[in-house]
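Number of protein chains: 2
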Amino acid sequence: MEYYSKQISTLIEELAHLPGIGQKTAARLAFHIIDSPMENVNRLADAIRDARANVCYCKKCLTITDSELCPICADEKRNHHVIMVVENPRDLAAYEKTQKYDGVYHVLHGVISPMLGIGPQDIRLKELMQRLQTEAVDEVIIATGSSLEGETTAMYISKLIKPAGIKVTRIASGVPVGGDLENIDEVTLLRALEGRVEL
Amino acid sequence: MEYYSKQISTLIEELAHLPGIGQKTAARLAFHIIDSPMENVNRLADAIRDARANVCYCKKCLTITDSELCPICADEKRNHHVIMVVENPRDLAAYEKTQKYDGVYHVLHGVISPMLGIGPQDIRLKELMQRLQTEAVDEVIIATGSSLEGETTAMYISKLIKPAGIKVTRIASGVPVGGDLENIDEVTLLRALEGRVEL
Chain U
4 MEYYSKQIST
14 LIEELAHLPG
24 IGQKTAARLA
34 FHIIDSPMEN
44 VNRLADAIRD
54 ARANVCYCKK
64 CLTITDSELC
74 PICADEKRNH
84 HVIMVVENPR
94 DLAAYEKTQK
104 YDGVYHVLHG
114 VISPMLGIGP
124 QDIRLKELMQ
134 RLQTEAVDEV
144 IIATGSSLEG
154 ETTAMYISKL
164 IKPAGIKVTR
174 IASGVPVGGD
184 LENIDEVTLL
194 RALEGRVEL
Chain E
4 MEYYSKQIST
14 LIEELAHLPG
24 IGQKTAARLA
34 FHIIDSPMEN
44 VNRLADAIRD
54 ARANVCYCKK
64 CLTITDSELC
74 PICADEKRNH
84 HVIMVVENPR
94 DLAAYEKTQK
104 YDGVYHVLHG
114 VISPMLGIGP
124 QDIRLKELMQ
134 RLQTEAVDEV
144 IIATGSSLEG
154 ETTAMYISKL
164 IKPAGIKVTR
174 IASGVPVGGD
184 LENIDEVTLL
194 RALEGRVEL
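Protein chains in written order, with the numbering used here: chain U, 4 to 202; chain E, 4 to 202.
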């Protein structure tokens, strides 16, 4: 990459370290940055540094935030007796966007994956068990993904919690709303059939 | 985006301003940045700021660089009597990657596009004409893209330069090497036929 000046090459290299950004996209982004007003560029650089420097985990649900408690855990209007267990903060955000869930969350920061050598001790499961002992929880909704790892994790958590007499539920698998049946894989179709509900 | 902390939301917003980066990709990048070591994050932020702060145009060919002359214009081993005219610094880099071109460049920073209201005065054409008057140039190779705008620009430049008695050439259009004929559009196939060479 010596066709560009040293600093532009450095920028392209740094951008190409980001996930899903190859050399060509990195070059495109770099040229966009170079063409932008200095003010915008400073804002981007500051946002990157600040977000990383001030990030911490919510003391309760372990989502990433910049204060001791995340806005959801700090909100007294939410139902703190229902905990939804999610894989990561992005999944939490996905459920928040529905604006229909008023319970709280617990973020595992991963899923159990024997293939990748990730065991139950590598995700934030111990913290969940501690919460169940200290907080009055009526229901734990397991909302890990429907991948093999997500299912394994859900089964594992459910077996761990059930003996404590707490209600454990799992989000439904099935046909996505608005999806054509013909484009959906067989496993999902079978799940949808197994999980059918009476009308 | 209030499901994340303020600073993470700000970062996602800033990243989403980059071209080709939507909200979801921006969130993915933001979480990657947050999970990266502080050292790497500082390097990225510095690279962004430095590249923008120190960028300037090469005094001769107008490509972006961080010194008065770009490495190519400053290289005495290159043939300064042949100038390749390209649309932007990325196209320059594409030709440099071939490692076979030993002339110099002139970067137009755009193409003539009547549709978008971009006329000959809006690209760095005046600077090219000035170079042709002060430098001893044997050949101008026009390497603008083969889009309608690229072709228009090539025609315009060629008409401008030819009266000065300088040889003007255009890079060949045709079938890309390794391409299947059946997947290539008719215009390209026609061009390839018109531009056929004797073996």
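Calculated from the structure, these hints are not laboratory results.
Predicted model, so just to flag it, every value in this text is computed and none were measured.
Hints are not guaranteed to be accurate.
It does not matter which identical chain is meant; a pair holds if it fits inside one copy or across any two.
Claimed, not checked - The calculated DMTMM-like cross-link candidates involving lysine to aspartate or glutamate, where the alpha carbons are at most 25 Å apart (straight line), are: (1) K9 <-> D49; (2) K27 <-> D105; (3) K27 <-> D94; (4) K9 <-> E42; (5) K27 <-> E99; (6) K9 <-> E71; (7) K9 <-> E99; (8) K9 <-> D38; (9) K27 <-> D53; (10) K62 <-> D78; (11) K103 <-> D141; (12) K9 <-> D125; (13) K27 <-> E16; (14) K9 <-> D78; (15) K62 <-> E138; (16) K9 <-> D105; (17) K62 <-> D38; (18) K165 <-> D141; (19) K80 <-> D125; (20) K170 <-> D183; (21) K165 <-> E130; (22) K63 <-> D105; (23) K100 <-> D38; (24) K170 <-> E189; (25) K170 <-> E154; (26) K165 <-> E185; (27) K9 <-> E90.
Evaluation of the provided hints:
1. In this assembly of identical chains, the alpha carbons of K9 and D49 lie at most 25 Å apart whether taken from the same copy (22 Å) or from different copies (13 Å).
2. Taking CA atoms no more than 25 Å apart as the test, K27 paired with D105 passes between copies only; the shortest distance there is 23 Å, against 43 Å inside one copy.
3. In the homo-oligomer, the alpha carbons of K27 and D94 lie at most 25 Å apart only across protomers (12 Å), although the nearest pairing inside one protomer, at 29 Å, exceeds that limit.
4. Taking the shortest Cα distances, K9 and E42 sit within 25 Å of each other both inside one copy (22 Å) and across copies (20 Å).
5. Taking CA atoms no more than 25 Å apart as the test, K27 paired with E99 passes between copies only; the shortest distance there is 15 Å, against 34 Å inside one copy.
6. For a Cα distance limit of 25 Å, the shortest separation of K9 from E71 across copies, 13 Å, qualifies, whereas the shortest one inside one copy, 41 Å, does not.
7. Taking identical chains as interchangeable, the C-alpha atoms of K9 and E99 lie at most 25 Å apart only when they sit on different chains, with a minimum of 15 Å there against 44 Å within one chain.
8. Taking identical chains as interchangeable, the C-alpha atoms of K9 and D38 lie at most 25 Å apart only when both belong to the same chain, with a minimum of 17 Å there against 27 Å between chains.
9. Taking CA atoms no more than 25 Å apart as the test, K27 paired with D53 passes between copies only; the shortest distance there is 20 Å, against 27 Å inside one copy.
10. Taking CA atoms no more than 25 Å apart as the test, K62 paired with D78 passes inside one copy only; the shortest distance there is 14 Å, against 59 Å between copies.
11. Taking CA atoms no more than 25 Å apart as the test, K103 paired with D141 passes inside one copy only; the shortest distance there is 18 Å, against 71 Å between copies.
12. Taking identical chains as interchangeable, the C-alpha atoms of K9 and D125 are never at most 25 Å apart, the minima being 41 Å within one chain and 28 Å between chains.
13. Taking the shortest alpha-carbon separations for K27 and E16, both the intra-copy value of 11 Å and the inter-copy value of 22 Å come in at or below 25 Å.
14. Taking identical chains as interchangeable, the C-alpha atoms of K9 and D78 lie at most 25 Å apart only when they sit on different chains, with a minimum of 16 Å there against 49 Å within one chain.
15. Taking CA atoms no more than 25 Å apart as the test, K62 paired with E138 passes inside one copy only; the shortest distance there is 13 Å, against 68 Å between copies.
16. Proximity of K9 and D105 under a CA criterion of 25 Å is satisfied inter-copy only: 21 Å between copies versus 51 Å inside one chain copy.
17. For the identical chains of this complex, K62 and D38 are inter-copy neighbours only, at 18 Å across copies versus 42 Å inside a copy, given an alpha-carbon limit of 25 Å.
18. For a Cα distance limit of 25 Å, the shortest separation of K165 from D141 inside one copy, 12 Å, qualifies, whereas the shortest one across copies, 84 Å, does not.
19. For a Cα distance limit of 25 Å, the shortest separation of K80 from D125 qualifies neither inside one copy, at 32 Å, nor across copies, at 58 Å.
20. Taking the shortest alpha-carbon separations for K170 and D183, neither the intra-copy value of 34 Å nor the inter-copy value of 60 Å comes in at or below 25 Å.
21. In this homomeric assembly, K165 and E130 come within 25 Å of each other (Cα to Cα) only inside a single copy, at 16 Å, whereas the closest approach across copies is 76 Å.
22. In the homo-oligomer, the alpha carbons of K63 and D105 lie at most 25 Å apart inside one protomer (16 Å), although the nearest pairing across protomers, at 63 Å, exceeds that limit.
23. In the homo-oligomer, the alpha carbons of K100 and D38 lie at most 25 Å apart only across protomers (23 Å), although the nearest pairing inside one protomer, at 34 Å, exceeds that limit.
24. For a Cα distance limit of 25 Å, the shortest separation of K170 from E189 qualifies neither inside one copy, at 30 Å, nor across copies, at 64 Å.
25. With identical chains, the CA atoms of K170 and E154 are at most 25 Å apart within one copy only, with a shortest distance of 18 Å there and 69 Å across copies.
26. Taking CA atoms no more than 25 Å apart as the test, K165 paired with E185 passes in neither setting, with 37 Å inside one copy and 61 Å between copies.
27. When the C-alpha separation of K9 and E90 is checked against a cutoff of 25 Å, the pair qualifies only between copies, where the shortest distance is 21 Å, while the shortest distance within a copy is 40 Å.
Hint compliance for this structure: hints 12, 19, 20, 24 and 26 are not met, and every other hint is.
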